[in-house]
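Dock chain B against chain A, hints included.
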Amino acid sequence: MNHHLVLRVVTKILVPVILLFGLYVQFHGDYGPGGGFQAGVIFAAGIILYGLVFGLDAAKQVAPPLIVQRLMAFGVLLYAGVGVVTLALGENYLDYDILHPDLEHHTGQHYGILAVELGVGITVATVMMLLFYGFAGRNFDIKDEDW
Amino acid sequence: MIEEAALQFDVTTAIDIILMIFLLISALAIVVMRHLFSIAMVSGVYSLLSAAFFVNLDAVDVAFTEAAVGAGMSTILILGALLLTSRREKITPNRSAFIPLIVVVVTGAALFYATFDMPNFADPNSPANTDVGLQYIQRNYDDIGVPNIVTSVLASYRGFDTLGETLVVFAAGLSVLVLLGVSSAGRLTGREDET
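In the order they appear, the protein sequences are chains A and B. Under this note's numbering, think of the first position of the first sequence as -11, with each following residue one higher. Under this note's numbering, think of the first position of the second sequence as 921, with each following residue one higher.
It should be emphasised that the hints constitute simulated quantities derived from the structure, not laboratory data. A hint or two may mislead.
As the list claims (entries may be wrong) - Label pairs and their computed distance ranges (CB to CB):
#1 A:Phe62 / B:Thr932: 40 to 48 Å
#2 A:Phe62 / B:Ile937: 29 to 37 Å
#3 B:Val980 / A:Gln49: 32 to 40 Å
Ideal placement from N, C-alpha and C gives every residue a C-beta, glycine not left out.
So here's chain B without its partners, still in its complex pose:
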């Protein structure tokens, strides 16, 4: 039994490491590449890899969202924005990369330093697992009776929060409507004159 658990742990860790390497490769590729279409595609790949990573952490709901929004919707919106600009990133004249490098290294070191304070993954004594999270898990079946605790927290325990989130989404849609406008007839005209 213990051996089985140890084996399972090793497999998940191995998958984590492989996914991390892929994430790193795609992030580096985004930095190096100049062709904007390829960059949009690789950032989609990046999101999809993150989604796989979340599945490995048993956060299926988050993975779902990441795959649908990050890999699907954002890529399409970036492509839509890409149509309005040129296909290639302009090559900026050679400036010193010294200050940006310092900023990145310092920020990265600070983030690394902060991870030492974080609880280990699936630590039963971590604040997230002892305080309110434990309450939800213990009371969910008596209070709500919905098997998926994520749904009962989202829609019932924290119904107000979710109402606010829905309003934010609505406001985003409204501002797009006001700023860009959506004609019901078809495409906007005007670009044709230029050609």
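Next comes chain A alone, as it looks inside the complex:
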């Protein structure tokens, strides 16, 4: 889409905003609507929009598939790891209260939920990017009139 000047300019302006909004949804999920699943998809949508307009190779430079693949597993491990940590500290699996002694303000719960949601967000975002890479990687760019 090299000649679509308007699309390119608008995308350049929009992508940082989308990524920032994804991070906001991720870390504000305790207080407002949203959370890991939504944030992951929004963040991936930013990268995918970039890939759609500037080409798959540009997107792969921003988010290299090798790193994306590893992060995909890291997200799940982060989630499961929080459970292992609580288990090691002598509580039930995924019982976050043990993570912080301040039970009055539920700080442990906040920490646990934040970490777990981050794991969900990372896995969802990377899987979405990988889906895009997998599908888009099978085609050459097509001409506008082919649509």
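Just chain B, lined up with the frame of chain A:
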């Protein structure tokens, strides 16, 4: 006060009806159209309308997901799949539409019949609002201390479920990786030879 509530109810109902009409129009358009690119776009519109519908029902988290996944990701994936096939749906030879019509009408009637058993919207005595849902709402602040109850149910009360869901997403990504493969260098080669 009562008048205000009644007015608000009317506005939400009116918006619901308008959105429903739009949903119906886009569904019919998908059935009628033959151009696959337009169908992909209209199904995106359908998802976005559903998201607006969910906002109207105060289910903001669901609306969020519907807008991001339904209107955004699915449309892009359908477009990606579309590139591998032709642009138009083939016109199938005229077959009798009688049996499909019967199936659709019977299924639709059964679904309509089932809605009579459902509780009214926001009914305080419905099972969802009296049993475990009420427990979550009452205990959330003492147990978890997170204002968004959806998040505390998802990540803390039902942390195991969410771990399972994350694993499902991971497995989906893994199977795409195994089946399609993602090269780090760039595009797959091979199609060029055909031209």
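Going down the list of hints, with the structure as the test:
1. A:Phe62 / B:Thr932: 40 to 48 Å: holds (43 Å)
2. A:Phe62 / B:Ile937: 29 to 37 Å: violated (47 Å)
3. B:Val980 / A:Gln49: 32 to 40 Å: holds (35 Å)
The earlier numbered hint that this structure contradicts is number 2, and it is the only one.
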